[in-house]
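Following the hints, complete the assembly by docking chain X onto the known chain W.
Going down the list, the protein sequences come from chains W and X.
For what it's worth, the numbering used here labels the leading residue of the first sequence as 1, then goes sequentially.
For what it's worth, the numbering used here labels the leading residue of the second sequence as 1, then goes sequentially.
What the hints contain is simulated information worked out from the structure, not anything from laboratory work.
Hints may be right or wrong, so weigh each one.
Distance windows between CB atoms, simulated [said to hold, decoys possible]:
(1) W:Glu340 to X:Ala111: 42 to 48 angstroms
(2) W:Val42 to X:Thr87: 36 to 42 angstroms
(3) X:Ile144 to W:Lys82: 32 to 38 angstroms
(4) X:Tyr52 to W:Gln269: 41 to 47 angstroms
(5) W:Val489 to X:Arg149: 52 to 58 angstroms
(6) W:Leu277 to X:Ile144: 36 to 42 angstroms
Using 25 angstroms as the maximum straight-line C-alpha spacing, the simulated SDA-like pairs for lysine to any residue come out as follows [to be verified]:
(7) W:Lys134 to X:Pro104
(8) W:Lys129 to W:Thr163
(9) W:Lys131 to X:Glu107
(10) W:Lys79 to W:Lys129
(11) X:Lys156 to W:Cys99
(12) W:Lys136 to X:Glu100
(13) W:Lys129 to X:Pro131
(14) W:Lys213 to X:Pro104
(15) W:Lys131 to X:Pro102
(16) W:Lys136 to W:Tyr120
(17) W:Lys131 to X:Cys132
(18) W:Lys3 to W:Glu25
(19) W:Lys129 to X:Pro104
(20) W:Lys268 to X:Thr95
(21) W:Lys268 to W:Trp258
(22) W:Lys213 to X:Glu100
(23) W:Lys219 to X:Thr95
(24) W:Lys58 to W:Gln85
(25) W:Lys219 to W:Cys99
(26) X:Lys156 to W:Arg214
(27) W:Lys136 to X:Thr95
(28) W:Lys82 to W:Asn94
(29) W:Lys488 to W:Ala474
(30) W:Lys268 to W:Val215
(31) W:Lys134 to X:Thr44
(32) W:Lys82 to W:Pro100
(33) W:Lys134 to X:Cys93
(34) W:Lys134 to X:Glu105
(35) W:Lys134 to W:Cys108
(36) W:Lys213 to X:Ile27
(37) W:Lys219 to X:Glu105
(38) W:Lys134 to X:Cys132
(39) W:Lys213 to X:Cys93
(40) W:Lys129 to X:Arg72
Note that the structure is a prediction, hence the values are computed from the model and not measured.
Where a beta carbon is used, it is the ideal one built from N, C-alpha and C, also for glycine.
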Amino acid sequence: MAKLTIDDQEYEFPDGTSLFEACREARGEALPHFCYHPDLPVAGVCRLCQVEVEGMPKLTIACNTTVRDGMVVHTRSEKVNKAVQQILELHLINHPVDCPICDQAGECGLQNQYMQYGLYESKVEIQAKVKKHKAKVIGPYVILDMERCVLCSRCVRFCNEVTGTGELGIFNRGDRAEVDVAPGVELDNNYSMNTVDICPVGALTSRDFRFAKRVWMLKSAQGVCPGCATGCNVRIDHEAGRIYRLKPRYNPEVNGRWMCDRGRMTYKQVHSERRLLTPLDGGKDVTWAAAREQLARMLEGKPPALAVVSPHASLEEMFLAVKLAGAEATVSGPANLDREDGDDLLLDADRTPNRRGLATLGIPELQSGALADRLRAASGPVLVLGGDPARDEAVAGAMEGREGLIFVGDHDGPTAQAAQLVLPAAVWAEKAGVFVNRMGRWQGFQQAVARPGAVRDGWRILAEMLSLTGAAPAFESLRAVRRGLTAKVLPEGELDMDRMPEFGFMPAGGER
Amino acid sequence: MSFEGLPRGSAAKKQSFLERTYFPEIIRGLVVTMRHLVKNILHTSEMPTMQYPEEKRVYGERFRGRHRLMQREDGSPRCVACQMCSTACPADCITIEAAEHPDPEIEKYPASFQIDLLRCVYCGLCEEACPCDAIRMDTGIYEIAADSRSSFVVDKDFLLNNTTEGTL
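Same shape as in the complex, but just chain W:
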């Protein structure tokens, strides 16, 4: 342990702690910086995080210094402030200050730090600034504006150290230095948009989000990426019922500060034209009242003969499906669907968010042939919850012409076409729920946007089906569903699902 004084207060940190992190903790806010990033190796190129250490002849950069016993550090002295201001001026010398057309405006390191530390008059005329290429497309998702770059090298380090693909480099020297892709190379790895996140200025911006919205107009909700079984924690940025982007949300146990490009694009399915927006009875739009009557006629007061639950459903919905059909008559499948290639960073081969949730509730996963047999053998109405199992040929064959198929789902497809009654349910961003990721970690997500059309929350649809079968107890709130769920699978008092821990909940003996 090292005892040191930061801004006249004594602190104690373990040996080897970076002085930058020590100062962040002591001050309650980070030192001004561009190049330092906790998940990347130290570069020490931006020179902004300089602090005064007593006994040292000059200011020193905090990011490349480790704490030492007896250190006396000043981070707010006049000398430090002046240095920060002058270095910031250097960073801004050739900056085009085109904030009005820059997507980073509002979450920009230059803007924020200029307002906090700079506030100097520029000594360089606009005509005298060094011109570089603007708006250069360097990959399928990323666009580069070299004039805005401050050469912090975060993006280069990311591609070298995290993905190991090394597409980016810094070319030339002095004020001609540029970040660029090597000739003939594209920034085309599945994690390329993380460079947009870590770029402290507007040099690297997202092509998908380009000019879509000013960032200060966005509202955020906490979500979990539905793209694969990893379940990266995301921030859903939305406005007026529309999602504009997904950003990774820090979770040291799951995704750290990163997420993959595929995951970032999953928000598009929320606004897809294939969304089911009204109940369909025999392919015709009907009202919920009419759909409810039809549902009552089909169920005849009895539970469905079989429930086919998709690993895309939330844990709460899965629980209600088991409640409705009974443990013997609840299955999932076909097990071969939604499996593609994964990688060894974040992307999992299993492209469903909640397959582990099936195991948590003891729902067996059947292969396509076995599921088709169960569908043929079931006499009476069949509930299909979420996903689109009829994408599998054998299952589609078993569903074809079958009467009494009730589909509670979100997107049109072979299953919705085969179903007699379609009830439109909310997708992940339109409801609250829990996914269990591949490690067995329970992760809660919030509702971000309003449900479109006549779409209803999945648990409400299932709770209503339950009440049609006369089952007790009736579930009147999501809270009640969650209480029933935790009582079934967890020891009492272990988890309150309405207050999920920040980084998710890992049941005892969860990891596999």
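Here is chain X on its own, set in the frame of chain W:
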């Protein structure tokens, strides 16, 4: 606090017979009216009433009228769709959709620019916020009328050409 010593309300005051007939007060009121009538007939030029719309009041140069969008030399909008105006707008009446401009020098331009004139409170914060001097309220136009709500939502072409067509 005490109310003692304060005059009581009129209900408590006993009115005389004349007061109860109201006649003296009516006559006093008519005298005021007649005095103004005679004065105005004798000195019509000093009358505060204007013969609108034949005659119109002259406003100061800084009067904020209906907005206009400034043009570049080639006639395209000067606006770069930064949305500072819609951010500053307290009435939330400006809706801008940005798009990629074919000219890489310009980069960003408004694909659509709408102002809901019924919502606008003519505060002028939009022109103050604009970094490009692209929106101005110097037209002096304040006669804004139409027969449907939708025609008060004016678009980019209308604002660029700054005409009185459409609404009036």
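Against the structure, the hints come out as follows:
1. W:Glu340 to X:Ala111: 42 to 48 angstroms: violated, 36 angstroms
2. W:Val42 to X:Thr87: 36 to 42 angstroms: For Thr87 of chain X against Val42 of chain W, whose Cβ atoms are near 37 angstroms apart, the range 36 to 42 angstroms holds.
3. X:Ile144 to W:Lys82: 32 to 38 angstroms: violated, 54 angstroms
4. X:Tyr52 to W:Gln269: 41 to 47 angstroms: With Cβ atoms ~58 angstroms apart, the hint is violated.
5. W:Val489 to X:Arg149: 52 to 58 angstroms: holds, 55 angstroms
6. W:Leu277 to X:Ile144: 36 to 42 angstroms: holds, 38 angstroms
7. W:Lys134 to X:Pro104: With Cα atoms ~8 angstroms apart, Lys134 of chain W and Pro104 of chain X stay inside 25 angstroms; holds.
8. W:Lys129 to W:Thr163: violated, 34 angstroms
9. W:Lys131 to X:Glu107: Within the cut-off at roughly 16 angstroms; holds.
10. W:Lys79 to W:Lys129: violated, 28 angstroms
11. X:Lys156 to W:Cys99: Holds, because 23 angstroms separates the two Cα atoms, which is no more than 25 angstroms.
12. W:Lys136 to X:Glu100: The given pair, whose Cα atoms are some 13 angstroms apart, holds under the 25 angstroms limit.
13. W:Lys129 to X:Pro131: holds, 20 angstroms
14. W:Lys213 to X:Pro104: Holds - the C-alpha atoms of Pro104 of chain X and Lys213 of chain W are around 20 angstroms apart, at most 25 angstroms.
15. W:Lys131 to X:Pro102: Distance ~20 angstroms between Lys131 of chain W and Pro102 of chain X Cα, so the pair holds.
16. W:Lys136 to W:Tyr120: With a Cα-Cα distance of about 30 angstroms, the restraint between Lys136 of chain W and Tyr120 of chain W is violated, given a limit of 25 angstroms.
17. W:Lys131 to X:Cys132: Holds - the C-alpha atoms of Cys132 of chain X and Lys131 of chain W are around 21 angstroms apart, at most 25 angstroms.
18. W:Lys3 to W:Glu25: holds, 14 angstroms
19. W:Lys129 to X:Pro104: With Cα atoms ~18 angstroms apart, Lys129 of chain W and Pro104 of chain X stay inside 25 angstroms; holds.
20. W:Lys268 to X:Thr95: Holds, because 23 angstroms separates the two Cα atoms, which is no more than 25 angstroms.
21. W:Lys268 to W:Trp258: Within the cut-off at roughly 19 angstroms; holds.
22. W:Lys213 to X:Glu100: holds, 13 angstroms
23. W:Lys219 to X:Thr95: Holds. Lys219 of chain W to Thr95 of chain X sits at ~18 angstroms (cutoff 25 angstroms).
24. W:Lys58 to W:Gln85: It holds: about 16 angstroms lies between the C-alpha atoms, which stays within 25 angstroms.
25. W:Lys219 to W:Cys99: Between Lys219 of chain W and Cys99 of chain W the Cα gap is close to 21 angstroms, so the pair holds against 25 angstroms.
26. X:Lys156 to W:Arg214: holds, 20 angstroms
27. W:Lys136 to X:Thr95: Violated, at roughly 28 angstroms.
28. W:Lys82 to W:Asn94: Answer holds: Lys82 of chain W to Asn94 of chain W is near 20 angstroms, not above 25 angstroms.
29. W:Lys488 to W:Ala474: holds, 16 angstroms
30. W:Lys268 to W:Val215: holds, 18 angstroms
31. W:Lys134 to X:Thr44: Not OK: Lys134 of chain W and Thr44 of chain X at ~67 angstroms, beyond 25 angstroms, violated.
32. W:Lys82 to W:Pro100: Distance of about 28 angstroms is beyond 25 angstroms: violated.
33. W:Lys134 to X:Cys93: With a Cα-Cα distance of about 32 angstroms, the restraint between Lys134 of chain W and Cys93 of chain X is violated, given a limit of 25 angstroms.
34. W:Lys134 to X:Glu105: Answer holds: Lys134 of chain W to Glu105 of chain X is near 9 angstroms, not above 25 angstroms.
35. W:Lys134 to W:Cys108: Given pair Lys134 of chain W, Cys108 of chain W holds - Cα atoms ~18 angstroms apart, limit 25 angstroms.
36. W:Lys213 to X:Ile27: Violated, because 67 angstroms separates the two Cα atoms, which is more than 25 angstroms.
37. W:Lys219 to X:Glu105: Cα-Cα ~31 angstroms, so violated.
38. W:Lys134 to X:Cys132: With a Cα-Cα distance of about 20 angstroms, the restraint between Lys134 of chain W and Cys132 of chain X holds, given a limit of 25 angstroms.
39. W:Lys213 to X:Cys93: holds, 16 angstroms
40. W:Lys129 to X:Arg72: holds, 24 angstroms
Figure legend: structure checked against the earlier numbered hints; hints not met, in rising order: 1, 3, 4, 8, 10, 16, 27, 31, 32, 33, 36, 37.
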